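Mapped onto full-length UniProt numbering, the consecutive letters of the sequence shown carry residue numbers 1 to 110.
Please keep in mind that the hints were generated in silico from the structure rather than gathered at the bench.
These numbers come from a predicted model, not from an experiment.
Virtual Cβ for every residue (Gly too), placed ideally from N, Cα, C.
Fair warning: there could be bad hints in the mix.
Pairwise CB distance ranges (calculated) [what the hints assert, rightly or not]:
(1) ALA57 to LEU93: 25 to 35 angstroms
(2) LEU71 to LEU42: 23 to 33 angstroms
(3) ALA35 to HIS62: 16 to 26 angstroms
(4) THR52 to ALA30: 25 to 35 angstroms
(5) ALA30 to GLU69: 24 to 34 angstroms
(6) THR103 to LEU67: 34 to 44 angstroms
(7) ALA74 to GLN14: 45 to 55 angstroms
(8) SER95 to GLN25: 57 to 67 angstroms
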Amino acid sequence: MARERGAASDKANQAQLNASTTHDQASATAREVLATARSADLRFDAERQAYTGAGQAFLLEHYLTRLNEGLGNAKLLILDHRLGGDNAPTIDLRSFTPPADPTAPRKAAQ
Numbered sequence: 001m002a003r004e005r006g007a008a009s010d011k012a013n014q015a016q017l018n019a020s021t022t023h024d025q026a027s028a029t030a031r032e033v034l035a036t037a038r039s040a041d042l043r044f045d046a047e048r049q050a051y052t053g054a055g056q057a058f059l060l061e062h063y064l065t066r067l068n069e070g071l072g073n074a075k076l077l078i079l080d081h082r083l084g085g086d087n088a089p090t091i092d093l094r095s096f097t098p099p100a101d102p103t104a105p106r107k108a109a110q
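I would like the entire structure built from these sequences, with the hints used as guidance.
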């Protein structure tokens, strides 16, 4: 009878430990979700105030920041179609073979 009581007590303690662990994990997850939501709320309020103060300039800066984050590691070349005239900067990306040297010895044709 004492063994049965001991086994029942062990099972009860294990169940209580499991319940406590599950409760603590759920509480921690809820706090993380709440902190994330509060952070998003603060960011939204800050962006709304920035837009109220700067308007279209804020939107452009926000867009360019997001674009920079998204293309941060990309290798790209941007050419602006609005560049024109004689002073437009130009990058020539064509590859040419070097010209033939007329003084170099030729390989014999077989």
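How the hints compare with the structure:
1. ALA57 to LEU93: 25 to 35 angstroms: 34 angstroms, holds
2. LEU71 to LEU42: 23 to 33 angstroms: Once the Cβ atoms are compared, 27 angstroms apart, the range 23 to 33 angstroms for LEU42 and LEU71 holds.
3. ALA35 to HIS62: 16 to 26 angstroms: 24 angstroms, holds
4. THR52 to ALA30: 25 to 35 angstroms: Check passed, 33 angstroms falls within 25 to 35 angstroms.
5. ALA30 to GLU69: 24 to 34 angstroms: Holds, at about 30 angstroms.
6. THR103 to LEU67: 34 to 44 angstroms: 53 angstroms, violated
7. ALA74 to GLN14: 45 to 55 angstroms: 54 angstroms, holds
8. SER95 to GLN25: 57 to 67 angstroms: 60 angstroms, holds
The structure is inconsistent with hint 6 alone, although it conforms to all the rest.
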